[in-house]
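Take the given structure of chain G and dock chain R to it, following the hints.
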Amino acid sequence: MKMLINHGTIWYQVRRDRNMAQKQKLLERKTFQLAIRLSKADYAKIQQLVECGLYKSYADFLRAAVHDKLSSMELVSLTEVGPAEAERMIEDYLVKHPGPAFASEIADALGLEYKITFKTIQKLLEEGRVKKAKNDNPH
Amino acid sequence: MTTLIDEGDGIIAKRIVYVARKTSGPRLIMKSGRHRGLEGILYDAEAYIDVAVEK
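Here the protein sequences come in this chain order: G and R. In terms of this note's numbering, the first sequence has 539 at position 127, counting the first letter as 1, and numbering is strictly consecutive. In terms of this note's numbering, the second sequence has 1145 at position 38, counting the first letter as 1, and numbering is strictly consecutive.
Some hints here could point you the wrong way.
Taking lysine-lysine pairs in the DSSO-like style, the calculated list, with each CA pair at most 30 Å apart, reads [claimed, not checked]: (1) G:Lys481 to R:Lys1129; (2) R:Lys1138 to G:Lys481; (3) G:Lys508 to G:Lys535; (4) R:Lys1162 to G:Lys546; (5) G:Lys468 to G:Lys457; (6) G:Lys535 to R:Lys1138; (7) G:Lys481 to G:Lys468; (8) R:Lys1162 to G:Lys531; (9) R:Lys1138 to G:Lys457; (10) G:Lys527 to G:Lys508; (11) R:Lys1129 to G:Lys543; (12) R:Lys1162 to R:Lys1138; (13) R:Lys1121 to G:Lys468; (14) G:Lys543 to R:Lys1121; (15) G:Lys442 to R:Lys1138; (16) G:Lys452 to R:Lys1162; (17) R:Lys1121 to G:Lys535; (18) R:Lys1162 to G:Lys535; (19) R:Lys1138 to G:Lys527; (20) G:Lys437 to G:Lys452; (21) R:Lys1138 to G:Lys543; (22) R:Lys1129 to G:Lys508; (23) G:Lys452 to R:Lys1121; (24) G:Lys437 to R:Lys1121; (25) R:Lys1138 to G:Lys531; (26) G:Lys508 to G:Lys543; (27) G:Lys546 to R:Lys1129; (28) R:Lys1138 to G:Lys468; (29) R:Lys1121 to G:Lys481; (30) G:Lys508 to R:Lys1138; (31) G:Lys452 to R:Lys1138; (32) R:Lys1162 to G:Lys457.
Beyond 12 Å from chain G on every Cβ pair, some chain R residues (computed) [what the hints assert, rightly or not]: (33) Asp1116; (34) Arg1122; (35) Met1137; (36) Glu1146; (37) Tyr1150; (38) Ala1154; (39) Asp1157; (40) Val1158.
Hints are computed from structural coordinates only; laboratory data are not their basis. Think of the CB as a built atom: it goes at the ideal place given N, C-alpha and C, for glycine as much as any other residue.
Chain G extracted, bound-state conformation:
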């Protein structure tokens, strides 16, 4: 009886080590594969979108859907700064990141509210401290 328990414990230990090694291997991977089960209705809707040409494949749709959901769940904390501080931060950003940048990108990068960012950029444009990018599509 005692041996059986010991044997069981040893076997458990081996299995746990193997599981840890598997987990480690999984963590080292760059991509992961997930299998999901969908309702017929959802599947048909995705099929329609793929056939319309909006997505290259089912996987393409699912990747985009997961990406959208994850970015919508991302919590952003905004810093409250005064106009003078915002001006300094935006000018610093543009010096450190040469080339055209959208106001919204600057706001996102600096954690500023859109309202204060757009007001400040408007002021900087009027004063000639920054200029509108010639190429209005920086990407």
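For chain R alone, coordinates are given in the frame of chain G:
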């Protein structure tokens, strides 16, 4: 910077950013041929026409 606050006012731009309390949609709308678009609602929102700037 002009702020439109009357009902029925419109914004047309290449790139508009927004801050809203709640959103619904977007849903896909089929226009003619290959023209497709998305439409949705922003509740209690403010929106800005994005501008690309450089030093």
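Going down the list of hints, with the structure as the test:
no., hint, in the structure
1, G:Lys481 to R:Lys1129, "holds (15 Å)"
2, R:Lys1138 to G:Lys481, "holds (26 Å)"
3, G:Lys508 to G:Lys535, "holds (20 Å)"
4, R:Lys1162 to G:Lys546, "holds (12 Å)"
5, G:Lys468 to G:Lys457, "holds (14 Å)"
6, G:Lys535 to R:Lys1138, "violated (39 Å)"
7, G:Lys481 to G:Lys468, "holds (19 Å)"
8, R:Lys1162 to G:Lys531, "holds (17 Å)"
9, R:Lys1138 to G:Lys457, "holds (18 Å)"
10, G:Lys527 to G:Lys508, "holds (22 Å)"
11, R:Lys1129 to G:Lys543, "violated (34 Å)"
12, R:Lys1162 to R:Lys1138, "violated (40 Å)"
13, R:Lys1121 to G:Lys468, "holds (25 Å)"
14, G:Lys543 to R:Lys1121, "holds (19 Å)"
15, G:Lys442 to R:Lys1138, "violated (39 Å)"
16, G:Lys452 to R:Lys1162, "violated (53 Å)"
17, R:Lys1121 to G:Lys535, "holds (22 Å)"
18, R:Lys1162 to G:Lys535, "holds (14 Å)"
19, R:Lys1138 to G:Lys527, "violated (33 Å)"
20, G:Lys437 to G:Lys452, "violated (35 Å)"
21, R:Lys1138 to G:Lys543, "violated (37 Å)"
22, R:Lys1129 to G:Lys508, "violated (35 Å)"
23, G:Lys452 to R:Lys1121, "violated (37 Å)"
24, G:Lys437 to R:Lys1121, "violated (45 Å)"
25, R:Lys1138 to G:Lys531, "violated (35 Å)"
26, G:Lys508 to G:Lys543, "holds (16 Å)"
27, G:Lys546 to R:Lys1129, "violated (34 Å)"
28, R:Lys1138 to G:Lys468, "holds (20 Å)"
29, R:Lys1121 to G:Lys481, "holds (24 Å)"
30, G:Lys508 to R:Lys1138, "violated (43 Å)"
31, G:Lys452 to R:Lys1138, "holds (27 Å)"
32, R:Lys1162 to G:Lys457, "violated (46 Å)"
33, Asp1116, "holds (17 Å)"
34, Arg1122, "violated (7 Å)"
35, Met1137, "violated (8 Å)"
36, Glu1146, "holds (15 Å)"
37, Tyr1150, "holds (16 Å)"
38, Ala1154, "violated (9 Å)"
39, Asp1157, "violated (5 Å)"
40, Val1158, "violated (5 Å)"
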